[in-house]
Amino acid sequence: MNPVENRTNARRTTPVSARPKRWSEDRRFGQAMVEFALASILFLTIVLGTIDFGRAVYFQSQLTNAVREGARYAQVAPTNTSVIQTTVVGKASGLGLKSGDVTVTCSSGSCTTGNDITVRANLKFSFITQSFLHIAPFTMHAQATNAID
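Just so you know, the working numbering puts 42 at position 41 of the sequence shown, and the rest follows in order with no gaps.
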């Protein structure tokens, strides 16, 4: 065996974990953190905006269906406004609707057979991301009109 080769092989190298960190490695880590921060803001805005949009569609659907049910009941008992309001609030459970948010009106001022009865409801909708995205709450409206039997 050649003594020069033997001496070269005998040299020990420093393991990677024992080497001091280079400045460029730290810089890449910082760059990744900044990129993640910027990308996560955009990602979270899209995700939370999608969730809020889905909630708004669900609330509007529930409010519309509750008002429709109230108008169906109003066809039969048009003068019983408190029960009509209770029906609408009961069908819109979980939305935070109150009896004061529901109005019942009859066409021509009288609730008699042949006239129309209209049930309206207003619901204030607040976004989950309202403070984060600086969005003001808005009011949803639903209305249903039926002929009195």
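Hints in this document: simulated from the structure, not taken from any laboratory. Don't take each hint at face value.
Distance ranges between label pairs, derived from CB positions [said to hold, decoys possible]: (1) F54 x G97: 13 to 21 Å; (2) S41 x H135: 12 to 20 Å; (3) G110 x R73: 16 to 24 Å.
This structure is a prediction, so every number in the text was calculated from the model and none was measured. Don't be surprised by glycine CBs; every beta carbon is placed ideally from N, CA and C.
* Which hint numbers doesn't this structure obey? -> none
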